Amino acid sequence: MSVYLVAVRPAQPTDDYDLITAAHEVLGLALETAYEERRYLLAGAVDDQVSARLARELLVDPVLDTAATFPIDAMTPTDAAATWAIDVAYRPGVTDNEGESVRVGADRAGIRGLVAVRTLRRVYLRGPLPYDAVEALAYQLLANDLVEATLISLPDDTTASASFYAKLIELPAPQPARIAAVALRDADDARLMQISRDGVLALDLQEMRAIRAYFRTAGREPTDGELETLAQTWSEHCSHKTFKARIHYRSASPPIADDEPNIPPTIDGLLKTLLIEPTRAINPPWLMSAFVDNAGIVAVGDDAVSFKVETHNHPSALEPFGGANTGVGGVVRDVLGVSGQPIANLDVLCFGPQELPYSELPTGVLHPRRIAEGVVAGVRDYGNKLGIPTVAGAVLYDEGYIRNPLVFCGTVGLSRRDQHLTGIVPGDHVVVIGGRTGRDGIHGATFSSEELTHQTAERVGAAVQIGDPITEKRVIDVVLQARDQRLYHALTDCGAGGFSSAVGEMGERTGVHVELADVPVKYAGLQPWEIWVSEAQERMVLAVPPTTLAAFLELCAAEEVIATVIGAFTDDRQLRVTYAGQVLVDLEMAFLHDGRPEREMEAVWLPPAQRFEPEPDPDPLALRAALHALLAHPNIASKEPIVRTYDHLVQGRTVQGPLGGAEGDAPTNAAVIQVRHTGTAALATGCGINPRYGLIDPYWMALACCDEALRNIVAVGADPYKTSLLDNFCWGDPREPDRLAGLVRAAVGCRDVAKTWSTPFISGKDSLNNEYRDEQGQRVPIPPTLLISALGVVPNVGQVVTNTLQAEGNLLYLVGRTRNELGGSHYLLLQGELGANVPKVDLIQARRTFRALHSVMQAGLIQACHDLAEGGLAVAAAEMGFGSNLGLDLDLASAIKDDDSANDAVMLFSETPSRFLVEVRPHDSAAFGMRMEGVEVALIGFVTAEPVLRVDGVHGSEVVREPLAALKAAWQTPLREA
Amino acid sequence: MHVQNKPRILVLRAAGINCDEETAAACELAGGNAERVHINRLASGAARLDDYAALVIPGGFSYGDHLGAGKLLAVDLLYRLRESLAAFVADGRPVLGICNGFQVLVKAGLLPGTATGETVQQSATLAGNANRHYECRWTQLMADPRSPCLFTSGMEGPFALPVGHGEGRFVADEATITRLTAERQVALRYVDAAGQPATTYPHNPNGSVAAIAGICNAQGNVFGLMPHPDRAYLPQLHPDWLQNRQQRQAGDGMAIFRNMLAYVTA
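Taken in sequence, the protein lines are chains A and B.
Take the first sequence: its position 636, counting from 1, is numbered 636 in our numbering, and each next residue is one higher.
Take the second sequence: its position 53, counting from 1, is numbered 53 in our numbering, and each next residue is one higher.
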């Protein structure tokens, strides 16, 4: 076997200014030049002719590039004048999509004998650079040691690169398969815990004891595969043990407020009693599936719409690109797992402040800027390549996310109403399709159930992966065809826990037997337990009846999707896994799924101490400064630099995406997508997230988040009667009673919303243990974070409402009462304060408002509508002007308010929920007023021809007069920094 | 025997092609009978290109675009469908490449092509955007009314279509650009607010030479463009629709599909 190098370089290399700038900003290095060369290693029956042909036909763009090919033992430098060369390649075993493409291309071109291909990038640097500086540059700016191998060499040191390349392309040696017994039956408690820790099993003592008892009764020791199976299935990630635990809740001191929520002292499962029960009680006719399947499902006419939001926090902390990449891939497979065609994505991202000084970066943590860049690139890469429009989302920046960023990925799916199948019959084949199985992603489920530390990267590096969106796209293509032809009985994705979870769950009610030696693997040397728990991406498991197996396999073969029968469903309620006939797992389904001892947990609420509530400054100069600063705040400012890199228009369904207005550069309330290409029904999605409220009280945060998500979609025309919610709780360690108490309060908030509004939760996910333990042992939890995602039906796409001002002379009404609720607001954040007066949703009033507003929209009485959120009335008013050439003239004295709100700063910036600013034509005002009866509404101004935001204060004098162009410029600050 | 009277339009599928559904919907709305056919079915003989009136290569990331946008699908076409595709083009049947499809046609040498129409070496390319990243935005365009391009016949503009790509910067040597301009093969250009060819971002979203957004072959039956008519085939997909529902009655992208259908039914 020979190994060749093909070096492809631009005919006219141009400097990588991004790298040069970053090297200067981050490391203070003065690079003279820096540019990249692509390199390919080709191994197999390759000679001079073959390598030259591959270069010419596959690797070079004849208009842009030149190429040189060498056997790796006879290379010559491609730029001997450079000071340094840095080679970066994915480590062996990590997905190398480019390398795979070369193999496919060679095959199409009829070139046989290529055994392995690896791609790498080589960066050439010039400048007075010592080795240490180059090393810092390589690891801080170019490579992630977790998934990439790096070589820093002198450009003419071909010996060093040849030996590096030889290692990269080396194939893993086969190893004999070994199934080990773990000595558990006689282990004492200390030994049990050591086994759990050493194996990254994340099982606690109670659970280890239950396992020990099971195997004592069975009269044998567990295999490594059985212990792994139990660890995966019982992980927090897969079994949600905190949300199922019995919780004893109390408050450390008696509540002072008279609006303290009603929280029972003992809660038998947060999930069951606070989320599932209200949904069951509401049970609207259009609800098809809630909390049962991989995604919630609702009916829209003859269609079924599925919705799921997942998190991928820990992987994104360590390898931002791969973490976000596979986060998108995972949630898309969730929706595919209920036979849904993915039609829209949403992404909510929480990062540390981008301008954090490097000197303040904790050890072992990637800089927030690098995390943000990697995550955004990961979302873009996967979503764009799958052809799913990324239509909605949010980006938040807070110091609480420096060590532990949050990445929420959501997908909306579409099928016909009768296409959700779950009827597995004994005798059905177990078929795995899609990606091959490798050592990647082992222990993802258990790893996500642990806290992060400065050593996490070294310990569980294998849990982090790079995705292969095109393999997933092929899988989607065949699954949807198989769905339409009814070729399978059920399917699920291979997510956390790999086969052990997917097969174990599918066979729960029947029993199943799989043979792992038949699983297609990426390389030799995998142990049976590794195949069983690998979380290698882009795989689905299907139950295919014998009658349609041939048709299904033929369909997969025709589209080059690897499909393999690995076993069959049985009727013995036993999970049996073999490797070449040897038994790896033989467990009763009953023990696997119901044998885990439920936890009992303590929750102790520490009511917030009376916090300093700064006096809002109503001076017009201060108001003006605050308005500009709010619009420019990263949480409120335009996200256009990110949004433009996401494809939000693919599939031709996007009626409203993340940007709106005449120039397509103004904010929108919510995304609206058409359900079918022919038809009038549309869907709206919106999100509510505000961790600052949670720092004061997670109960009120939950209400505010639900209110915001619903506000968003009601504002564009969604029917509040046909709306459902998803919850995503990201919290610290629930074993700490104070963290758990906050979680309980947030879940109680969700319950109260669902019951009062009759708006069901249809799915959700919790990501706990979002804590970081630093070198000193100090534990830092993230701010309690709840993401609420809303999905609503817009009955007719013709009635979608914009938030952009429409016509001079139209009237502007403020819907809702304004209260003195600056606690947790962005206005106080500007002053570095949190405050105490957290916004409190009046659930009854909110429901009345949403329903009345929808009715006036249906009647065609609303020209434009914007919901009030971060930054309050002032920010919303400015944003309504950004998409038009019109202005607003407002009078705060006319607004409905509490006595203690009669302060211009409060009126402009309070974040009281359930409020909207709406534009109504003068001749519609009477009809509008009639239909809005029972809702607190006041006429507060009108649309002006001059593009200026002008506001008279509560005492009658002018307090704001700002050209909208200036305000828009502040809001577009990120565009100038990009 | 096909009982349908509507012209059969082949909308090509391949691994990573992801705009086939909306492209087919637009072809149907224009009066065609769109069939989404996987390239492997053409290669295996299960479907025949010759049975179709027109071929559309939709957008996406064929095979992941890992070797350069459209490169691997171009190699695939050249090795597996060379003769049938050459015959299809020589017969004057319409071939439309949108976004990734345009990149495929260019990398396969079908665009800009030669005066006689046979497949040649790649002579132009679609390089990485000047701003170095993927870009999704609406653009304003004008068609050359004197171009032989059958797809842009009668549609001068300006009109709006969105782009969504990371590699859309049209690049060729000066002689090629001069020839394309002289032969009126530059069927579509990005224009600025004044309707002039756009030289700067964002009106020219990717830095294309001579504001080139789409080109055709000398015969005018093969056309590739970076913007997406398939994402502008309904009025409500346009950003101005929410502001101006009365005046926005149709999607600007439909004219391209209607021209294709009009040509094959004439």
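Since the hints were derived computationally from the structure, they do not count as laboratory data.
Be aware that a few hints might be false.
So the derived list for chain B, only partly shown, Cβ under 10 Å to chain A, looks like this [unchecked claim]:
hint, residue
1, ASP20
2, ALA25
3, GLU28
4, GLY31
5, GLY60
6, LEU78
7, ALA124
8, LEU237
9, TYR263
Just so we're clear, the structure is a prediction, and the values are computed from it rather than from any experiment.
Virtual Cβ for every residue (Gly too), placed ideally from N, Cα, C.
Unsatisfied constraints (hint numbers, rising):
4 and 9
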